[in-house]
Structures are given as structure tokens and as C-alpha cells.
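K.L.:
Working from the sequences, and respecting the hints, build out all of it.
Residue numbers (numbering that gives the first Met the number 0), protein chains in the order written: chain A, 0 to 115; chain B, 0 to 285.
Honestly, the hints are just simulated from the structure, not real lab data. Even for Gly, the Cβ is constructed at its ideal location relative to N, Cα and C. Hints are supplied without guarantee of correctness; some may be wrong.
[To be verified] Just some of the chain A residues that point at chain B, by a computed CB distance under 7 angstroms:
{"#": "1", "residue": "Thr15"}
{"#": "2", "residue": "Asn26"}
{"#": "3", "residue": "Val91"}
{"#": "4", "residue": "Gln98"}
{"#": "5", "residue": "Leu103"}
[What the hints assert, rightly or not] Calculated pairs, DSSO-like style, for lysine-lysine (alpha carbon to alpha carbon, straight line, at most 30 angstroms):
{"#": "6", "chain 1": "B", "residue 1": "Lys2", "chain 2": "B", "residue 2": "Lys203"}
{"#": "7", "chain 1": "B", "residue 1": "Lys45", "chain 2": "B", "residue 2": "Lys2"}
{"#": "8", "chain 1": "A", "residue 1": "Lys109", "chain 2": "B", "residue 2": "Lys203"}
{"#": "9", "chain 1": "B", "residue 1": "Lys17", "chain 2": "B", "residue 2": "Lys177"}
{"#": "10", "chain 1": "B", "residue 1": "Lys277", "chain 2": "B", "residue 2": "Lys203"}
{"#": "11", "chain 1": "B", "residue 1": "Lys121", "chain 2": "A", "residue 2": "Lys42"}
{"#": "12", "chain 1": "B", "residue 1": "Lys2", "chain 2": "B", "residue 2": "Lys121"}
{"#": "13", "chain 1": "B", "residue 1": "Lys45", "chain 2": "B", "residue 2": "Lys30"}
{"#": "14", "chain 1": "B", "residue 1": "Lys17", "chain 2": "A", "residue 2": "Lys42"}
{"#": "15", "chain 1": "B", "residue 1": "Lys23", "chain 2": "B", "residue 2": "Lys2"}
{"#": "16", "chain 1": "A", "residue 1": "Lys107", "chain 2": "B", "residue 2": "Lys17"}
{"#": "17", "chain 1": "A", "residue 1": "Lys107", "chain 2": "B", "residue 2": "Lys30"}
{"#": "18", "chain 1": "B", "residue 1": "Lys277", "chain 2": "B", "residue 2": "Lys121"}
{"#": "19", "chain 1": "B", "residue 1": "Lys121", "chain 2": "B", "residue 2": "Lys163"}
{"#": "20", "chain 1": "B", "residue 1": "Lys277", "chain 2": "B", "residue 2": "Lys45"}
{"#": "21", "chain 1": "B", "residue 1": "Lys23", "chain 2": "B", "residue 2": "Lys121"}
{"#": "22", "chain 1": "B", "residue 1": "Lys30", "chain 2": "B", "residue 2": "Lys17"}
{"#": "23", "chain 1": "B", "residue 1": "Lys177", "chain 2": "B", "residue 2": "Lys2"}
{"#": "24", "chain 1": "B", "residue 1": "Lys23", "chain 2": "A", "residue 2": "Lys107"}
{"#": "25", "chain 1": "A", "residue 1": "Lys109", "chain 2": "B", "residue 2": "Lys30"}
{"#": "26", "chain 1": "B", "residue 1": "Lys17", "chain 2": "A", "residue 2": "Lys109"}
{"#": "27", "chain 1": "B", "residue 1": "Lys30", "chain 2": "B", "residue 2": "Lys203"}
{"#": "28", "chain 1": "B", "residue 1": "Lys17", "chain 2": "B", "residue 2": "Lys47"}
{"#": "29", "chain 1": "B", "residue 1": "Lys219", "chain 2": "B", "residue 2": "Lys177"}
{"#": "30", "chain 1": "B", "residue 1": "Lys2", "chain 2": "B", "residue 2": "Lys159"}
{"#": "31", "chain 1": "B", "residue 1": "Lys219", "chain 2": "B", "residue 2": "Lys159"}
{"#": "32", "chain 1": "B", "residue 1": "Lys30", "chain 2": "B", "residue 2": "Lys2"}
{"#": "33", "chain 1": "B", "residue 1": "Lys277", "chain 2": "A", "residue 2": "Lys109"}
{"#": "34", "chain 1": "A", "residue 1": "Lys107", "chain 2": "B", "residue 2": "Lys159"}
[To be verified] Negatives, chain B to chain A, calculated, CB over 10 angstroms:
{"#": "35", "residue": "Pro88"}
{"#": "36", "residue": "Pro154"}
{"#": "37", "residue": "Asp212"}
Chain by chain, the residues:
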Amino acid sequence: MTRNAPPSIPGTPVFTGVQAVRGYALNHLCYSLNDAANRATFKDDPMAYCARYNLTPEQTEAVRSLNVLAMIAAGGNVYYLAKLAGVYGLGVQDIGAQQTGVSLEEFKQKLLEAAH
Amino acid sequence: MAKIVGGLATSHVPAIGKAMSEQKFQDPYWKSFFEGYEPARAWLEKTKPDIAVVFYNDHGLNFFLDNLPTFAVGAAPEYGNADEGWGLPVVAPYPGDPALSWRLIEDLVAEEFDVSTCQQMKVDHAFWIPMALLWPGAQRPVRVIPIEINTVQHPLPSAKRCFKLGQAVARSIAGWDKDLKVVVMGTGGLSHQLEGERAGFINKEFDLQCLEDIVAHPEKLTGYSNFELVELAGSQGVELLMWLAMRAAMGPEAQVVTSSYHVPISNTAAGLLVLEPKARAMAEAV
Chain A
0 MTRNAPPSIP
10 GTPVFTGVQA
20 VRGYALNHLC
30 YSLNDAANRA
40 TFKDDPMAYC
50 ARYNLTPEQT
60 EAVRSLNVLA
70 MIAAGGNVYY
80 LAKLAGVYGL
90 GVQDIGAQQT
100 GVSLEEFKQK
110 LLEAAH
Chain B
0 MAKIVGGLAT
10 SHVPAIGKAM
20 SEQKFQDPYW
30 KSFFEGYEPA
40 RAWLEKTKPD
50 IAVVFYNDHG
60 LNFFLDNLPT
70 FAVGAAPEYG
80 NADEGWGLPV
90 VAPYPGDPAL
100 SWRLIEDLVA
110 EEFDVSTCQQ
120 MKVDHAFWIP
130 MALLWPGAQR
140 PVRVIPIEIN
150 TVQHPLPSAK
160 RCFKLGQAVA
170 RSIAGWDKDL
180 KVVVMGTGGL
190 SHQLEGERAG
200 FINKEFDLQC
210 LEDIVAHPEK
220 LTGYSNFELV
230 ELAGSQGVEL
240 LMWLAMRAAM
250 GPEAQVVTSS
260 YHVPISNTAA
270 GLLVLEPKAR
280 AMAEAV
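P.N.:
Right, here's the structure in full:
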């Protein structure tokens with residue numbers, strides 16, 4: 000436990016230095032996907048790309064299964080993960096639906112209801 | 000002498016950039032959102048600022064975890080945008096003003112804000128979407144000084160510290176010996192959360208209170224810790240930090256030119272706030 004450990008906020012991962020260390024390789028891979036040529040290389044063989052960026056087995060499995068919560072548990076930061084999602088044509092609402100275990104339509108409906 | 004003529008804070012949701020590029024201004028989902036910016040643009044057309052100092056947060060375009068500044072001030076002749084990986088159009092660069100940037104940097108460091116300095120700096124959607132909402136299309140009528148604040152990796156600078164940074168920026172601007180009209184901008188917010196089982200979290204009650212407090216009682220907001228802000232406004236709702244830096248630059252009292260609040264835009268409660276420093280309004284009324 001670090002001195003400035005975040006409080007436990009239900010359903011809310013907080014990206015601290017500890018997470019940044021744990022997730023460095025995964026986030027580094029995602030950051031590289033700003034580049035269109037890298038996105039093409041990744042898409043061609045995602046597992047080879049994971050190996051090139053030295054992802055841990057846990058991170059590699061999370062990428063293979065496209066499981067966002069597992070990526071976050073492995074140190075992924077959502078700003079970088081969004082770039083990985085983009086390779087698959089997925090946006091923040093798609094990954095929001097996946098993480099909350101509802102359909103995209105249900106997720107959008109929940110957001111609309113927040114207006115009231 | 001240079002003068003701060005106003006402050007603008009707005010959300011910077013990527014979906015806004017996409018909607019602008021697809022000209023969705025009359026689309027039912029977007030119409031009232033975009034209409035909220037008309038009074039802000041009218042105010043800018045009347046005020047005609049020369050310079051915009053823009054507090055924003057990078058989302059992994061210019062900065063990565065290998066070297067992540069807490070505060071980074073642009074000192075580039077121009078600031079280009081680039082591919083962020085998920086399909087937004089890349090927009091034309093924004094002109095900078097290196098001489099003013101260095102003046103600001105010297106003043107901030109003299110005030111013990113030990114900022115990073117960037118002679119090259121790519122600006123992401125958090126910078127250009129607010130600019131494009133306020134000055135649409137290809138026009139680039141203001142020169143810009145971006146100030147990037149880390150909201151990627153905790154510990155983030157505190158709300159109190161960001162507020163003090165905004166005050167220091169205002170003191171620097173007041174000392175610029177050129178006849179310039181300056182606006183200060185803050186981008187991001189309001190409540191939203193992209194990650195975790197609480198993704199999609201929006202707190203309308205807190206946002207509406209923020210829109211009131213930031214004008215008249217910003218000290219209520221600077222009293223929050225960043226973890227408290229995460230809990231109340233969502234992981235990305237902590238972007239309120241940029242709004243507070245903008246508010247601080249308005250001086251002790253500010254008045255509202257226009258504001259709007261729109262839920263949802265994508266996963267976000269979108270807000271807009273345009274302020275004028277009160278002393279100026281009074282001086283003009285006399």
C-alpha cells in the first residue's frame with residue numbers, strides 16, 4: 000500500500016503510479032497505435048505485436064480476448080486502451096457497454112436517462 | 000498592456016469533433032448542444048481576442064508515461080494535431096507566439112511553478128475541439144499558448160494548485176507590455192467516466208452545483224481532493240481542474256456571459272461556461 004493509495008470507489012479503477020508501472024508494456028503498445036502503419040501491423044498479427052511490446056501473459060490474454068476490464072486490471076489506462084479499441088472500430092460507448100455488462104443500446108439509454 | 004477579457008470553459012468530447020466533421024449541426028441529438036455555443040461565438044466576435052491561453056489535458060498524443068509532465072507550457076511557433084488512433088479527422092495547425100510563451104514560462108518559474116517547456120507540442124482533441132467550437136472551420140484568428148495539465152496518471156496536481164496556476168498566469172498576462180486582448184480557456188468535463196463497472200457515470204446534481212460554485216465560490220471546489228472529484232464527477236470528471244485554472248485567471252469576481260449544460264454527449268455531461276472578469280465589466284459600465 001503506497002502512502003497515497005486511492006480510496007475504494009466502487010467500479011472505479013484509479014490509474015496511479017502503481018498501475019502505471021504494472022501496465023507500462025500494454026499502454027506502450029496502445030500508444031504506438033497512434034500510428035496508422037503500426038495499427039496495420041497490429042491487426043495483421045495481434046499476438047506477434049503483443050510479443051514485440053513484451054506484454055505479460057495476463058496482458059496478452061486480455062488483448063486476445065478484447066476484455067477491457069481485464070486490460071485495466073493488468074494496468075491498462077483507458078486513454079491508451081481507446082486507441083486499441085479504435086483498431087476494432089469500437090468507441091467509448093462500446094467499451095462502456097462491455098465493462099458494465101449491457102448491450103450498446105442499453106448503455107446509451109442509461110446515458111440518456113442521466114439527463115433527468 | 001495586455002488584458003484578460005474573458006474566460007471560456009467547454010467539454011472536449013471526441014464525438015463532438017466527429018459530429019462537426021460530419022456537419023451534424025441540425026441532427027436531433029446534436030442541435031441543442033451546438034446552439035449552446037452561439038452566444039459564446041457572438042461574444043468572441045464582439046470581443047475579438049488576440050491570444051488564447053488554453054489549459055487542456057493530453058490523452059496520449061504528445062505525452063506518454065515515459066515522460067509525463069504535471070504542467071507543460073507550449074513554446075512553439077505552431078501546434079499541430081495528429082492521428083489519435085480512433086478515426087478523428089486531423090485538423091490544421093494553430094499559430095503560437097513563442098515570445099509570449101517564454102514570457103509566461105519565465106514568470107511562472109519565477110513564481111515557483113516548475114513547468115516543462117515544449118518547443119514542439121502536438122495538441123489533441125482536448126485542444127482543438129474547443130477551439131473549433133468557438134472558432135469554427137479553418138479560421139485561426141487567435142495565437143495560442145497551450146498549457147497541458149496531467150490528468151492521466153495520479154497523483155494529479157490538486158485543484159488548489161491548478162487554481163493557483165491560473166492566478167499566476169493572470170499575473171503574468173497583466174505584465175505583458177503589449178496591447179493584447181487575451182482569453183483564458185479550460186477544456187474538459189463535466190462529469191463522466193469511461194472505465195470500470197461504473198463507466199457511464201454522470202452526476203447532474205454535482206455538475207449544476209459546479210457551474211454555480213465556480214463563478215461565485217470557486218474555493219468550494221478547490222477544497223476537493225482529486226479522489227473526491229473522481230468519486231463525485233467520475234474518473235474523467237476530474238478535468239474540472241482545467242476549468243478551475245481558467246476561473247482563477249478571471250480574478251476574485253467574475254460574471255457569466257453564457258453557460259450551457261447538456262446530457263449526454265457520448266458518455267459525458269457536456270458543459271460550457273463563458274466568464275468576464277467583473278472589474279472589467281464595471282469599468283466599461285462607468
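K.L.:
Each hint needs a verdict: does it hold in this structure or not?
P.N.:
Hints, verified against the model:
Hint status for Thr15/A relative to chain B: holds, with the closest Cβ pair at about 5 angstroms, below 7 angstroms. Annotation: Asn26/A was flagged as interfacial toward chain B, and the flag holds, the nearest CB pair being 6 angstroms apart, inside 7 angstroms. For Val91/A, the interface hint holds, the least distance from its beta-carbon to any beta-carbon of chain B being 5 angstroms, beneath 7 angstroms. At its closest, the beta carbon of Gln98/A sits 5 angstroms from a beta carbon of chain B; the interface hint therefore holds under the 7 angstroms criterion.
Given the 7 angstroms rule on beta carbons, the hint for Leu103/A is violated: about 11 angstroms separates it from the nearest Cβ of chain B. Using a Cα cut-off of 30 angstroms, the hinted pair Lys2/B and Lys203/B is violated, with the two alpha carbons roughly 34 angstroms apart. In summary, the hint linking Lys45/B to Lys2/B is supported, as the alpha carbons are separated by about 15 angstroms, within the 30 angstroms threshold. Distance check on the hinted pair: Lys109/A and Lys203/B sit about 13 angstroms apart at the alpha-carbon level, within 30 angstroms; holds.
With a C-alpha separation of about 37 angstroms, the suggested pairing of Lys17/B with Lys177/B is violated against the 30 angstroms cut-off. In summary, the hint linking Lys277/B to Lys203/B is supported, as the alpha carbons are separated by about 27 angstroms, within the 30 angstroms threshold. For the suggested pair Lys121/B and Lys42/A, the alpha carbons sit about 25 angstroms apart, so the restraint of at most 30 angstroms is met. Between Lys2/B and Lys121/B the alpha-carbon distance is near 27 angstroms, which keeps this suggested pair within the 30 angstroms criterion.
For the suggested pair Lys45/B and Lys30/B, the alpha carbons sit about 24 angstroms apart, so the restraint of at most 30 angstroms is met. With a CA separation close to 23 angstroms, the supplied pair Lys17/B and Lys42/A stays within the 30 angstroms bound. Simply put, Lys23/B and Lys2/B have alpha-carbon atoms about 36 angstroms apart, too far for the 30 angstroms limit, and the pair is violated. Straight-line distance between C-alpha atoms of Lys107/A and Lys17/B comes to about 17 angstroms, which keeps the hinted pair within the 30 angstroms bound.
Between Lys107/A and Lys30/B the alpha-carbon distance is near 18 angstroms, which keeps this suggested pair within the 30 angstroms criterion. Note on Lys277/B and Lys121/B: the hinted pairing is violated, with a Cα-Cα distance of about 34 angstroms set against a maximum of 30 angstroms. About 25 angstroms separates the Cα atoms of Lys121/B and Lys163/B, which keeps this hinted pair within 30 angstroms; it holds. Pair hint Lys277/B plus Lys45/B holds up; C-alpha atoms about 17 angstroms apart against a cutoff of 30 angstroms.
A threshold of 30 angstroms between alpha carbons decides the hint, and for Lys23/B with Lys121/B the separation of about 27 angstroms falls inside it, so the pair holds. For the hint linking Lys30/B to Lys17/B, the alpha-carbon distance of about 14 angstroms falls within 30 angstroms, and the restraint holds. A distance of roughly 9 angstroms separates the Cα atoms of Lys177/B and Lys2/B; the hinted pair therefore holds under the 30 angstroms criterion. Note on Lys23/B and Lys107/A: the hinted pairing holds, with a Cα-Cα distance of about 18 angstroms set against a maximum of 30 angstroms.
Proposed proximity of Lys109/A and Lys30/B is supported: the alpha carbons are some 20 angstroms apart, at most 30 angstroms. For the hint linking Lys17/B to Lys109/A, the alpha-carbon distance of about 22 angstroms falls within 30 angstroms, and the restraint holds. Under the criterion of a C-alpha separation no larger than 30 angstroms, the hint pairing Lys30/B with Lys203/B is consistent with the structure, at around 20 angstroms. Proximity of Lys17/B to Lys47/B is assessed by CA-CA distance (about 27 angstroms); at most 30 angstroms being required, the pair is judged to hold.
For a cut-off of 30 angstroms, the pair hint linking Lys219/B to Lys177/B is broken: about 35 angstroms separates their Cα positions. In summary, the hint linking Lys2/B to Lys159/B is supported, as the alpha carbons are separated by about 24 angstroms, within the 30 angstroms threshold. Proximity of Lys219/B to Lys159/B is assessed by CA-CA distance (about 10 angstroms); at most 30 angstroms being required, the pair is judged to hold. Distance check on the hinted pair: Lys30/B and Lys2/B sit about 34 angstroms apart at the alpha-carbon level, beyond 30 angstroms; violated.
Only pairs whose Cα atoms come within 30 angstroms are accepted, and Lys277/B paired with Lys109/A is rejected, the gap being roughly 40 angstroms. Distance check on the hinted pair: Lys107/A and Lys159/B sit about 35 angstroms apart at the alpha-carbon level, beyond 30 angstroms; violated. No Cβ of chain A comes within 10 angstroms of the Cβ of Pro88/B; the nearest lies about 13 angstroms off, and the non-interface call holds. Listed as outside the interface, Pro154/B is inconsistent with that label: its C-beta sits roughly 6 angstroms from the nearest C-beta of chain A, within the 10 angstroms cut-off.
The claim that Asp212/B lies off the interface holds: its Cβ sits roughly 20 angstroms from the closest Cβ of chain A, which is beyond the 10 angstroms cut-off.
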